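**Student:** Since the structure of chain Y is provided, determine the placement of chain E on it from the hints.
Chain order of the listed sequences is Y and E.
Position 70 of the first sequence, counting from 1, maps to 70 under our numbering, and the rest follow consecutively.
Position 18 of the second sequence, counting from 1, maps to 18 under our numbering, and the rest follow consecutively.
Hint data in this document are derived by calculation from the structure and do not stem from the laboratory.
Fair warning: there could be bad hints in the mix.
Unchecked claim - From the structure, some residues in chain E lie toward chain Y, with a derived Cβ separation under 7 Å:
#1 R22
#2 Y32
#3 G43
#4 L44
#5 L46
#6 S52
#7 R94
#8 F98
#9 F102
#10 G103
#11 A104
#12 G105
As the structure is a computational prediction, the values presented were derived from the model and not from experiment.
For each residue, glycine too, the CB sits at the ideal point set by N, CA and C.
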Amino acid sequence: NAGVTQTPKFQVLKTGQSMTLQCAQDMNHEYMSWYRQDPGMGLRLIHYSVGAGITDQGEVPNGYNVSRSTTEDFPLRLLSAAPSQTSVYFCASRNSGQRSSYEQYFGPGTRLTVT
Amino acid sequence: AQSVTQLGSHVSVSEGALVLLRCNYSSSVPPYLFWYVQYPNQGLQLLLKYTSAATLVKGINGFEAEFKKSETSFHLTKPSAHMSDAAEYFCAVRGGGFKTIFGAGTRLFVKA
Numbered sequence: 001n002a003g004v005t006q007t008p009k010f011q012v013l014k015t016g017q018s019m020t021l022q023c024a025q026d027m028n029h030e031y032m033s034w035y036r037q038d039p040g041m042g043l044r045l046i047h048y049s050v051g052a053g054i055t056d057q058g059e060v061p062n063g064y065n066v067s068r069s070t071t072e073d074f075p076l077r078l079l080s081a082a083p084s085q086t087s088v089y090f091c092a093s094r095n096s097g098q099r100s101s102y103e104q105y106f107g108p109g110t111r112l113t114v115t
Numbered sequence: 001a002q003s004v005t006q007l008g009s010h011v012s013v014s015e016g017a018l019v020l021l022r023c024n025y026s027s028s029v030p031p032y033l034f035w036y037v038q039y040p041n042q043g044l045q046l047l048l049k050y051t052s053a054a055t056l057v058k059g060i061n062g063f064e065a066e067f068k069k070s071e072t073s074f075h076l077t078k079p080s081a082h083m084s085d086a087a088e089y090f091c092a093v094r095g096g097g098f099k100t101i102f103g104a105g106t107r108l109f110v111k112a
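Next comes chain Y alone, as it looks inside the complex:
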């Protein structure tokens, strides 16, 4: 199993540009989420999904969109990039059954710089 994969690893955008961060998992996990990591702030939840076709907002959703058309993929779209979105972005997944221990599996991250 590849686990959780993310592309690209690095990206530089100009203010106002849009882009999509890709995330895929091959563990058949129903629950997927996007976090951003900023120094001293831990991980903050952007959006999450509990299954194909179902998404919801997290703590810091403004400026981001998501969709979940398949169990495997959960892309994150930046609509109009701003310098405040410079961060490291992590995708994570876990199973969500009644026996779930809530353990999450993380991708390697995407480092995004907005100039």
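**Tutor:** Chain E in isolation, oriented as in the chain Y frame:
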């Protein structure tokens, strides 16, 4: 509401010394608690978890943590630090709904 507080954004120990990373939590439901480790330029990986079984939980790489309900704590320890333990460590708690709440992280430095 659930929350996590990690005491100390940076901890420095000498190689071979005890590692103690502190975590206190708040939870309105029986907590599931986690410690994750993040090595430089990598994603997070699970070190250990508490899910209402034994209060002393052993994880990978010689780490362990003890759940203390009376103190609402879940501190992470390792008897003898190794240079390879240098990383950032995150405490986390099961949140409401489907979410996990993360602490701000503690960066561990290990001196030779």
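**Student:** Now tell me, hint by hint, if it's right for this structure.
**Tutor:** Right, here's what the structure says about each hint:
no., hint, result
1, R22, "15 Å, violated"
2, Y32, "5 Å, holds"
3, G43, "4 Å, holds"
4, L44, "5 Å, holds"
5, L46, "5 Å, holds"
6, S52, "10 Å, violated"
7, R94, "5 Å, holds"
8, F98, "6 Å, holds"
9, F102, "4 Å, holds"
10, G103, "6 Å, holds"
11, A104, "4 Å, holds"
12, G105, "5 Å, holds"
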